[in-house]
Each structure stands twice: as structure tokens, then as C-alpha cells.
Amino acid sequence: MSEEEDIFRIVKDPKDHTDLPRTEITDCPSHLMNKTGSWRTLRPIVDKEKCIECGICWKFCPDVSIEVKEGEGAVVDYDFCKGCGICAKECPVDAIDMEKEADYV
Amino acid sequence: MSETRIVSGNFAAAYGAKLSRVEVVAAYPITPQTEVVEKIAELVADGEMDAEYIKVESEHSAMAACIAASNTGARAYTASSAHGLALMHEMLMWAAGARLPVVMTNINRAMGPPWSVWADHHDTLAQKGTGQMQFFCENNQEVLDSVIMAFKICEDEEIMLPAMVVEDAFILSHTKEPVEIYDQELVDDFLPPYDPDYKIDVDQPLGFGSLGMPDWYMDFRYKKAQAFEKTPEKIQEVNKEFKEVFGRDPGGLIEEYKTDGVDVLIVTMGSISSTSKDVIDELRDEGHNVGLARLRTFRPFPVEQFREITKGVNVVGVLDRNYTFGHGGDAAREIKDALYGHRDLILKDYIVGLGGRDLTPKILKKVMLDAISLQDKGLDKEIEWVDLRADRKKWRG
Amino acid sequence: MAKIPEIELMDKGTTACPGCGAAHAMRYMLKALGKKTTINIPACCWAVIPGVYPSRNLGIPLLYHAFETTGASSSGIRAALDAKGVDPREVTVVGFAGDGGTADIGIQALSGCLERNTDTIQVMYDNEAYMNTGIQRSGETPYGAWTTTTPVGSEKEWKKNPKKNMMEIAKAHGIPYAATVSIGHPESMIEKIKKAKDIPGPKFIHIYAPCPTGWRSDPSDTIELCRLAVDSCTFPLYEIEDGDYNIYKKPKDKKPVKDYLKRQGRFRHLPEEEVEKIQENVDREWELLLKKEEISSEE
Numbered sequence: 004m005s006e007e008e009d010i011f012r013i014v015k016d017p018k019d020h021t022d023l024p025r026t027e028i029t030d031c032p033s034h035l036m037n038k039t040g041s042w043r044t045l046r047p048i049v050d051k052e053k054c055i056e057c058g059i060c061w062k063f064c065p066d067v068s069i070e071v072k073e074g075e076g077a078v079v080d081y082d083f084c085k086g087c088g089i090c091a092k093e094c095p096v097d098a099i100d101m102e103k104e105a106d107y108v
Numbered sequence: 002m003s004e005t006r007i008v009s010g011n012f013a014a015a016y017g018a019k020l021s022r023v024e025v026v027a028a029y030p031i032t033p034q035t036e037v038v039e040k041i042a043e044l045v046a047d048g049e050m051d052a053e054y055i056k057v058e059s060e061h062s063a064m065a066a067c068i069a070a071s072n073t074g075a076r077a078y079t080a081s082s083a084h085g086l087a088l089m090h091e092m093l094m095w096a097a098g099a100r101l102p103v104v105m106t107n108i109n110r111a112m113g114p115p116w117s118v119w120a121d122h123h124d125t126l127a128q129k130g131t132g133q134m135q136f137f138c139e140n141n142q143e144v145l146d147s148v149i150m151a152f153k154i155c156e157d158e159e160i161m162l163p164a165m166v167v168e169d170a171f172i173l174s175h176t177k178e179p180v181e182i183y184d185q186e187l188v189d190d191f192l193p194p195y196d197p198d199y200k201i202d203v204d205q206p207l208g209f210g211s212l213g214m215p216d217w218y219m220d221f222r223y224k225k226a227q228a229f230e231k232t233p234e235k236i237q238e239v240n241k242e243f244k245e246v247f248g249r250d251p252g253g254l255i256e257e258y259k260t261d262g263v264d265v266l267i268v269t270m271g272s273i274s275s276t277s278k279d280v281i282d283e284l285r286d287e288g289h290n291v292g293l294a295r296l297r298t299f300r301p302f303p304v305e306q307f308r309e310i311t312k313g314v315n316v317v318g319v320l321d322r323n324y325t326f327g328h329g330g331d332a333a334r335e336i337k338d339a340l341y342g343h344r345d346l347i348l349k350d351y352i353v354g355l356g357g358r359d360l361t362p363k364i365l366k367k368v369m370l371d372a373i374s375l376q377d378k379g380l381d382k383e384i385e386w387v388d389l390r391a392d393r394k395k396w397r398g
Numbered sequence: 387m388a389k390i391p392e393i394e395l396m397d398k399g400t401t402a403c404p405g406c407g408a409a410h411a412m413r414y415m416l417k418a419l420g421k422k423t424t425i426n427i428p429a430c431c432w433a434v435i436p437g438v439y440p441s442r443n444l445g446i447p448l449l450y451h452a453f454e455t456t457g458a459s460s461s462g463i464r465a466a467l468d469a470k471g472v473d474p475r476e477v478t479v480v481g482f483a484g485d486g487g488t489a490d491i492g493i494q495a496l497s498g499c500l501e502r503n504t505d506t507i508q509v510m511y512d513n514e515a516y517m518n519t520g521i522q523r524s525g526e527t528p529y530g531a532w533t534t535t536t537p538v539g540s541e542k543e544w545k546k547n548p549k550k551n552m553m554e555i556a557k558a559h560g561i562p563y564a565a566t567v568s569i570g571h572p573e574s575m576i577e578k579i580k581k582a583k584d585i586p587g588p589k590f591i592h593i594y595a596p597c598p599t600g601w602r603s604d605p606s607d608t609i610e611l612c613r614l615a616v617d618s619c620t621f622p623l624y625e626i627e628d629g630d631y632n633i634y635k636k637p638k639d640k641k642p643v644k645d646y647l648k649r650q651g652r653f654r655h656l657p658e659e660e661v662e663k664i665q666e667n668v669d670r671e672w673e674l675l676l677k678k679e680e681i682s683s684e685e
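Residue numbers (the numbering used here), protein chains in the order written: chain U, 4 to 108; chain F, 2 to 398; chain X, 387 to 685.
Don't read these hints as lab results, they were simulated from the structure.
Below, computed lysine-lysine pairings styled on DSSO-like, alpha-carbon distance capped at 30 Å: (1) X:Lys636 to U:Lys92; (2) X:Lys389 to U:Lys92; (3) F:Lys56 to X:Lys581; (4) X:Lys557 to F:Lys56; (5) X:Lys421 to U:Lys38; (6) X:Lys581 to U:Lys62.
One side of the interface only, derived from the structure: several residues of chain X facing chain U at Cβ under 10 Å: (7) Cys406; (8) Arg413; (9) Pro436; (10) Leu444; (11) Leu448; (12) Gly570; (13) Pro598; (14) Thr608; (15) Ile609.
By construction, the Cβ of each residue, glycine as well, lies at the ideal position given by its N, Cα and C atoms.
Using the sequences and the accompanying hints, generate a full structural model.
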């Protein structure tokens with residue numbers, strides 16, 4: 004979402020109060036801090052054969068974690084996907100299955 | 002050209018805001034502050050003051066709007082009093098925590114019940130822990146001067162904290178005195194435009210005031226404490242500069258009136274200081290070795306200065322125009338705190354003039370004579386309420 | 387119908403719960419508004435969703451503030467931008483609060499903001515309870531719902547008061563535009579928010595945002611619940627423009643409210659007669675809304 008030069012404009016990797024801004028000014032893109040994929044108990048698995056690249060899963064993903072790439076279909080970003088299962092439920096062609104995360108760890 | 006006009010403390014506050022080129026005003030009316038907001042409304046309506054005036058629906062919203070405006074890079078100002086200030090309490094803390102140089106005028110007024118619109122310092126002193134600097138003014142000129150000075154101090158990049166300039170209800174707020182209204186260019190030279198490095202700006206998408214977990218909160222707090230601890234020095238520095246530019250000394254942290262080598266030191270705050278100075282003169286003429294220290298900033302509290310001026314002093318008599326539910330008044334408590342382990346002297350706390358009760362020169366003289374008498378008889382009581390109806394003879398007789 | 391803009395101003399790595407409706411609400415809203423937007427957010431789920439210091443989740447400036455100050459904070463930002471000569475059509479100021487922050491503790495500041503004709507969009511993302519603090523009832527919790535402060539006890543049980551109608555309250559201020567939108571209908575949601583952006587003056591947007599954690603619903607049901615709410619007329623999609631009502635999404639086959647309620651654990655305790663009561667109330671409100679629309683079109 005952000006240009007690289009926009010990142011850490013204020014403070015990078017603060018060690019103590021001397022590195023801090025005067026108040027809590029936040030400037031670290033959340034995707035660099037919060038790898039929420041670790042929360043997942045269910046894992047969406049996309050069947051590329053079935054995927055029609057309609058983009059509905061992209062549209063309804065609350066975690067901005069699905070991209071639809073031409074020729075590849077829906078691609079899940081497992082670093083951030085929390086496994087809510089909305090994509091699987093909303094998929095009009097049942098191309099996404101929710102499987103146990105434990106089977107993949 | 003600077004001009005001298007006969008104006009009330011409230012008008013002086015409004016002119017102070019105007020001369021400071023305040024960009025956003027958000028205020029809600031409360032007696033006895035109303036003239037401040039009315040005057041500003043008039044100045045804005047007449048195009049004499051180029052500011053956005055948000056007529057908010059509460060004092061809480063007034064400070065919230067000032068905080069947001071200040072965070073968006075605008076110089077912001079508000080004014081309130083007593084219950085309005087109490088309603089602002091949460092936001093006073095927020096302004097300080099967010100390191101925003103919002104300046105406000107508070108008209109010191111008693112807290113109800115019973116309802117009272119008259120002078121008392123309880124409202125302001127109850128906000129002493131919020132991170133606001135507090136400037137107690139003695140006269141209307143000082144109100145105007147302090148508003149301009151406060152912006153300069155608050156906006157210093159090392160400080161970036163809010164301040165309250167306070168004046169006593171009616172005694173200053175509604176009493177007209179000659180006040181020099183400075184030439185705008187002179188003020189502009191003294192006070193440059195507010196231009197913070199980080200602000201709400203669509204070209205720099207930053208977050209302001211996020212959740213801080215225990216692993217950072219304390220370090221941020223320390224950072225803010227460090228900024229606050231720089232305020233005594235900064236106030237004195239700006240005070241000096243103010244004196245050079247405008248030829249007037251608003252008093253720095255503490256104003257010393259005939260304190261050299263005194264045995265008895267009287268401590269006052271706000272409008273009673275002027276009357277008290279006359280009484281000091283009278284007592285000195287009568288041969289008493291007494292002087293007066295006027296506490297101008299309650300926050301920061303001039304700890305070092307108090308230690309210095311009490312060298313060789315036998316008795317300190319503190320006139321507290323407040324009772325803050327604890328052990329006596331706030332000023333006495335803070336002075337004891339400053340002197341603990343440094344001075345061995347008698348300190349008596351006089352609770353005076355609550356809810357606007359009149360403090361005549363006669364009563365003040367009795368109080369000071371009581372303090373003087375402690376040199377021989379020793380401390381009779383730590384805290385004494387002055388001019389209660391039960392013992393009027395003692396103070397008025 | 388508006389297409390969903392590609393732009394993503396909500397970054398990955400939010401700390402929202404799985405299936406969070408409020409996260410959707412932000413994502414679509416920012417798709418509609420674009421980069422030239424400021425947002426101010428009180429204490430609510432969205433004070434936490436961007437992550438803790440120093441995490442920044444949005445591609446627009448964000449001011450966090452006290453719970454009850456959304457309307458006042460938006461006014462402050464707008465006034466500062468006005469003072470700097472920034473045109474309201476160029477930069478949109480958005481106050482974004484939960485239902486408690488809008489309809490309960492923030493209603494005074496909201497009212498002031500609307501009454502003063504502040505050129506902002508005031509958004510209530512409505513998950514129908516104080517979810518951030520752990521599912522306590524709010525003025526927007528619907529009749530019949532379990533929350534942690536309206537528990538299903540042996541003596542007193544669940545919430546007996548109806549949901550506060552914030553659209554009518556907003557409208558009563560004489561504002562130029564108010565709309566209900568739903569994250570289950572992102573195209574129309576984006577269209578309505580874009581419309582609000584271009585209208586001068588105060589705008590109010592009520593976003594329906596399910597909360598799987600507090601509603602005791604399956605996270606995967608979030609979008610489906612939105613559709614059921616609209617199709618059962620529990621949460622009608624309509625706008626009020628200069629006082630005129632327009633229901634922009636009328637269900638072809640009105641579904642029973644029961645279908646909506648039964649997918650949420652928070653209504654599980656309700657006996658049949660209470661479900662019927664809710665149905666009657668929904669029907670009455672819907673008929674009333676249709677009449678308001680009819681009157682608007684007659685003028």
C-alpha cells in the first residue's frame with residue numbers, strides 16, 4: 004500500500020525513549036508488524052481448476068489477503084489470512100475448501 | 002502602533018488570542034468566561050480576527066476540537082471556567098499526552114455545590130496533574146501578555162505541551178484596567194506561525210495517538226515528563242525575551258516582592274497579590290521584616306526558586322484561595338513538598354477568600370500579622386480558615 | 387452500479403477478529419473516498435484494529451481520540467483545514483465511530499457537529515454492542531439480543547429495548563444526506579459514500595457491520611448475514627437526501643426475520659412468540675419506511 008520511502012519516516016526500530024517521537028505517532032505499516040496468518044485454524048485451499056477468477060473472494064476478504072491473478076486464479080496470502088472462511092462461503096463455484104490448518108503446519 | 006485601552010480581563014484574553022493570530026477557536030459559554038467568547042465572536046464577525054470559530058456544544062467538545070485542530074497544524078485556543086474546566090478534564094490530559102500546544106484561558110471560579118460564580122482557585126488546581134502549564138495572572142495586562150507568551154512556550158519544539166492562563170473571576174474577568182494592546186507586527190516578530198513537523202496531512206498518512214502497550218507506554222511517559230521538566234527553564238527564557246521585546250516583565254515563575262533578607266515570607270497567587278503588596282508595604286513601614294512571593298506558575302511548580310527565596314526565612318505564610326479536600330490548600334502542600342529536607346522553618350496555610358469572599362486589606366493585614374506572630378509563639382495550627390462567620394471578630398475586628 | 391475500486395488504503399495485518407464486519411467497512415469506505423481523506427476514530431474496535439504502536443494500518447492520516455469526541459474532533463480537523471485554505475471538496479474529513487461512540491457516549495458531539503453544518507462525513511459502523519470492551523449492550527443493540535450486560539438470566543433476561551434509530555436522529559438535524567449501507571452490498575455502499583463525499587455539509591452514514599465474536603455467528607457468515615438483514619428488511623438500505631427517502635434496495639422476496647436471527651447465537655434463547663414480535667416490529671418499520679418514501683416521491 005505504501006511506497007518504500009514512506010515507511011519508517013519517523014522512527015525505525017526504536018530501542019528506548021531517546022528514539023521515540025514526542026508522542027505515539029505511528030508510521031510502521033501493519034503488514035510489517037502483524038503477521039496474522041498465525042491466528043488461523045482453518046486454511047482456505049483454492050482449486051485452480053474450478054476457479055473462474057470472478058474476484059468475489061477478493062471483494063469479500065476482510066483481511067485484504069486474496070489476489071486474483073490472471074491464469075493463476077485466487078491466490079491467498081497465508082501470512083495474513085485469518086481463516087474466516089468468507090471466501091469459501093461466497094465462492095459461486097465452490098472452488099475454495101476450508102481445511103484444518105494443523106494438517107499444514 | 003501599540004495602544005492602551007481600558008479593558009476587562011476577559012477582553013484582554015480575547016485580544017491576547019487575536020494578537021497571537023489564533024487560527025481555530027472552539028469554545029462554549031460559561032459565567033464568568035462569556036465575554037471572552039463574545040469578544041472573539043465579535044472580532045471574527047468583523048473580520049478583525051482571521052480565525053475559524055467552532056461554536057461547540059460543550060467544553061469537552063471545545064478542548065476536543067482544539068486538540069484535533071492543533072493536531073492538524075493550526076494554532077488553537079479556548080476559554081472556560083470551573084465546571085466547564087472540570088468537564089474538560091479528560092481532554093486536558095489528552096492535549097498534554099498528545100503533546101499539543103493548545104492554550105486556554107480559565108477564569109478561576111468556585112466549584113459547586115453550592116453554585117457559585119465567584120473567585121476561587123479550586124477549579125484550576127484540580128487540573129494540576131493533567132500536564133498543562135498553569136499561569137496565574139495578577140492583572141489584566143498580565144492576562145494578555147501571558148496568552149502570547151504561552152503560545153511561544155508551548156510551541157517550542159522541545160516543549161510541545163498545552164497551557165492554561167488563569168485569571169480570577171470578576172476581580173479580573175469583569176474589572177476594567179488599562180491594558181497595552183501591542184502592535185501586531187511586534188507580536189508577529191515575537192511569535193512566529195505554528196508549524197509542527199508532524200500533523201494530520203493527507204500527504205503524510207500517519208497515525209496519532211495509537212494504542213501503546215506496556216512495553217512502550219512507560220518510555221513515552223518518561224519522554225513527556227522530560228519535556229515538562231524543561232518548562233521552568235523555557236518559561237524563564239521566553240519571559241526574558243518578552244521583557245526585551247515588550248518592555249514588561251510578566252513575572253517568570255515566581256515574582257519576588259521585597260523578599261531580600263526577610264524573616265517572614267507571604268505567598269499569594271492571582272489577584273489578591275496586588276492588594277497584598279500594598280499591605281506588605283504598610284507592614285514594612287511599621288517595621289516588620291516581611292516580603293511577598295507571588296506564585297505565577299503553579300505548573301511547573303517553581304521548586305528550585307522556592308528553595309532559594311526561603312533561605313534565612315523563619316516563617317512562610319501561604320494564602321490559599323482554594324480548599325482541595327486533603328490536608329489544607331494546594332499551594333501550601335506543594336511548597337512543603339519543595340522545601341522538605343531543605344529548609345527548617347514554620348509554614349502556615351491560610352485558607353482564604355473561597356467562593357469569592359472578599360479579602361480586604363484589613364483582613365490581609367491580620368493574616369500577615371498572624372504569620373509574623375508565629376516567629377515568637379511558634380506554629381499554633383497548620384491550617385487556618387480565615388474570616389469564617391464563627392470568628393469574624395478575629396479577622397475584621 | 388459502481389465497480390469496486392482497486393485501491394487498497396487499508397493495509398494487511400489488521401488485528402481485527404476473523405470475519406470482522408468493521409474491517410470490511412473501513413476497506414470499502416476508503417476505496418470510495420480515496421487518499422485525500424482524513425479519519426478520526428474514538429475508542430472502539432477500530433482504535434485497536436490498526437495494531438499497537440508503532441503499527442500504521444491506513445494510507446490516510448488517522449487521529450485517535452477520546453470516546454465521546456468524534457463529532458468535535460472532526461470539527462476541529464475541518465476548521466484547521468479551513469484555516470489553511472484546504473477545500474472540503476478536495477479533502478474529506480471523516481469521523482468513524484462504532485455504535486456506542488456514535489449513538490450513546492458520542493451522540494452529543496455528533497449532534498453538535500451536524501447542527502453546526504460541519505462539512506464532514508460522520509460514520510457509524512454498527513456492530514450493535516460495545517464489542518471492543520467485550521460485548522456489552524449499547525443503544526444500538528436490537529431488541530431480544532443477548533450481550534454480557536443483558537445476559538439470559540433466570541429473573542431478567544436479554545435486551546428489552548429497541549434499537550435507537552440514528553438515521554432519524556441524524557435527519558432531524560436537517561442535514562443534506564444520510565444513508566444506510568451494508569458491507570454485504572459493497573457496490574452500493576461505495577456508490578453512496580462517493581455520493582456523500584461530493585455533497586457539501588454534514589453527512590451521516592450508518593454502516594451495518596456484523597461482529598462474529600459478539601453475535602455468536604460463524605465468521606464465514608458475515609456477508610450472508612448482511613444479505614439476510616437486508617432481505618428480511620431488518621436493516622433496510624435507504625438514503626435520505628434533503629429530507630426525501632429513497633429505499634435503494636428493495637428485497638424481491640422478503641425473507642422471514644427468523645432466517646436472520648437463527649444464524650446468530652445472541653438470539654438463540656428467544657422463544658417463538660418473541661421472534662414473532664420481532665417480525666411484527668420489522669414489518670411495521672418497513673411499512674413506515676415505504677410510506678415515508680411514498681410521501682417523498684409525491685412532493
